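> Take the sequence shown: its letters are residues -31 to -1, 1 to 145, numbered as in mature numbering (1 follows the signal peptide of the UniProt record, and there is no 0).
Don't read these hints as lab results, they were simulated from the structure.
One should not assume that every hint holds.
Stated by the list, open to error - With a Cα cut of at most 27 Å, we get these calculated BS3-like pairs of lysine-lysine: (1) LYS136 <-> LYS111; (2) LYS122 <-> LYS140; (3) LYS75 <-> LYS136; (4) LYS135 <-> LYS97; (5) LYS3 <-> LYS111; (6) LYS97 <-> LYS82; (7) LYS3 <-> LYS82; (8) LYS100 <-> LYS122; (9) LYS12 <-> LYS111; (10) LYS122 <-> LYS86; (11) LYS100 <-> LYS136; (12) LYS122 <-> LYS82; (13) LYS100 <-> LYS82; (14) LYS82 <-> LYS63; (15) LYS12 <-> LYS86; (16) LYS86 <-> LYS58; (17) LYS100 <-> LYS86; (18) LYS100 <-> LYS58; (19) LYS5 <-> LYS111; (20) LYS111 <-> LYS86; (21) LYS136 <-> LYS122; (22) LYS75 <-> LYS135; (23) LYS140 <-> LYS82; (24) LYS63 <-> LYS75; (25) LYS82 <-> LYS135; (26) LYS12 <-> LYS122; (27) LYS111 <-> LYS135; (28) LYS3 <-> LYS20; (29) LYS140 <-> LYS97; (30) LYS82 <-> LYS12; (31) LYS5 <-> LYS58; (32) LYS100 <-> LYS75; (33) LYS86 <-> LYS136; (34) LYS58 <-> LYS111; (35) LYS99 <-> LYS140; (36) LYS97 <-> LYS75; (37) LYS20 <-> LYS136; (38) LYS86 <-> LYS20.
Values in this document were obtained by computation on a predicted structure and should not be read as measured data.
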Amino acid sequence: MNRTFKFNTLYIGILLLTLAFSSCTSSKQLAIQKSKTAQLSRKLGFTVNRKDDLPLLEEVSRWLGTPYRYGGTTRTGADCSGFVGAVYKNVYHKSLQRTVVNIYNKDCQRIGKHRLKPGDLVFFNFSKRKKRTLNHMGIYLKNGYFAHASTSKGVMVNHLSENYYKKGWRKSGRVW
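Based on the sequences and whatever the hints tell you, model everything.
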């Protein structure tokens, strides 16, 4: 009887220690995650929570401010399709075509604007002469926000409801 009591006491003690240490670990992880999402929210300009596609948002945040460079695919300079292709390679381990039109035609399943999910691609045309072609693209992040490489300001985040992007909007697609 005495042996059983000692064993049960020891067992309960070990269980309590395990619970105490595991709750500290999970509390630390939650604090780190909360700090990370707050930092991403500040950088990206919208609220980020732990249920979001954090690898995508972290990668995009690393690219913010990268200057525009026609034909560029690195953080020293990138154009819109180079930026999208590099992010896709780093986050999703997928290689995309190199041009806006080829990415849309060969790498995407067409989806409606109302079905956009994080990681989907958004396509625009800002040409005054060729209305049907696609000449710009970005990566949808969440709640109408998308990231792209602007010719004037480099990699940045904008909202699809902004007049400029509303007028230029053409299509959206989900990479296979």
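> Hint by hint, note whether the structure agrees.
Evaluated hints:
{"no.": "1", "hint": "LYS136 <-> LYS111", "in the structure": "holds, 20 Å"}
{"no.": "2", "hint": "LYS122 <-> LYS140", "in the structure": "holds, 23 Å"}
{"no.": "3", "hint": "LYS75 <-> LYS136", "in the structure": "holds, 25 Å"}
{"no.": "4", "hint": "LYS135 <-> LYS97", "in the structure": "holds, 15 Å"}
{"no.": "5", "hint": "LYS3 <-> LYS111", "in the structure": "holds, 18 Å"}
{"no.": "6", "hint": "LYS97 <-> LYS82", "in the structure": "holds, 23 Å"}
{"no.": "7", "hint": "LYS3 <-> LYS82", "in the structure": "violated, 30 Å"}
{"no.": "8", "hint": "LYS100 <-> LYS122", "in the structure": "holds, 24 Å"}
{"no.": "9", "hint": "LYS12 <-> LYS111", "in the structure": "holds, 14 Å"}
{"no.": "10", "hint": "LYS122 <-> LYS86", "in the structure": "holds, 25 Å"}
{"no.": "11", "hint": "LYS100 <-> LYS136", "in the structure": "holds, 11 Å"}
{"no.": "12", "hint": "LYS122 <-> LYS82", "in the structure": "holds, 25 Å"}
{"no.": "13", "hint": "LYS100 <-> LYS82", "in the structure": "holds, 19 Å"}
{"no.": "14", "hint": "LYS82 <-> LYS63", "in the structure": "holds, 23 Å"}
{"no.": "15", "hint": "LYS12 <-> LYS86", "in the structure": "holds, 20 Å"}
{"no.": "16", "hint": "LYS86 <-> LYS58", "in the structure": "holds, 18 Å"}
{"no.": "17", "hint": "LYS100 <-> LYS86", "in the structure": "holds, 26 Å"}
{"no.": "18", "hint": "LYS100 <-> LYS58", "in the structure": "violated, 30 Å"}
{"no.": "19", "hint": "LYS5 <-> LYS111", "in the structure": "holds, 17 Å"}
{"no.": "20", "hint": "LYS111 <-> LYS86", "in the structure": "holds, 7 Å"}
{"no.": "21", "hint": "LYS136 <-> LYS122", "in the structure": "holds, 19 Å"}
{"no.": "22", "hint": "LYS75 <-> LYS135", "in the structure": "holds, 24 Å"}
{"no.": "23", "hint": "LYS140 <-> LYS82", "in the structure": "holds, 7 Å"}
{"no.": "24", "hint": "LYS63 <-> LYS75", "in the structure": "holds, 13 Å"}
{"no.": "25", "hint": "LYS82 <-> LYS135", "in the structure": "holds, 11 Å"}
{"no.": "26", "hint": "LYS12 <-> LYS122", "in the structure": "holds, 15 Å"}
{"no.": "27", "hint": "LYS111 <-> LYS135", "in the structure": "holds, 16 Å"}
{"no.": "28", "hint": "LYS3 <-> LYS20", "in the structure": "holds, 11 Å"}
{"no.": "29", "hint": "LYS140 <-> LYS97", "in the structure": "holds, 17 Å"}
{"no.": "30", "hint": "LYS82 <-> LYS12", "in the structure": "holds, 25 Å"}
{"no.": "31", "hint": "LYS5 <-> LYS58", "in the structure": "holds, 22 Å"}
{"no.": "32", "hint": "LYS100 <-> LYS75", "in the structure": "holds, 21 Å"}
{"no.": "33", "hint": "LYS86 <-> LYS136", "in the structure": "holds, 21 Å"}
{"no.": "34", "hint": "LYS58 <-> LYS111", "in the structure": "holds, 20 Å"}
{"no.": "35", "hint": "LYS99 <-> LYS140", "in the structure": "holds, 15 Å"}
{"no.": "36", "hint": "LYS97 <-> LYS75", "in the structure": "holds, 25 Å"}
{"no.": "37", "hint": "LYS20 <-> LYS136", "in the structure": "violated, 31 Å"}
{"no.": "38", "hint": "LYS86 <-> LYS20", "in the structure": "holds, 13 Å"}
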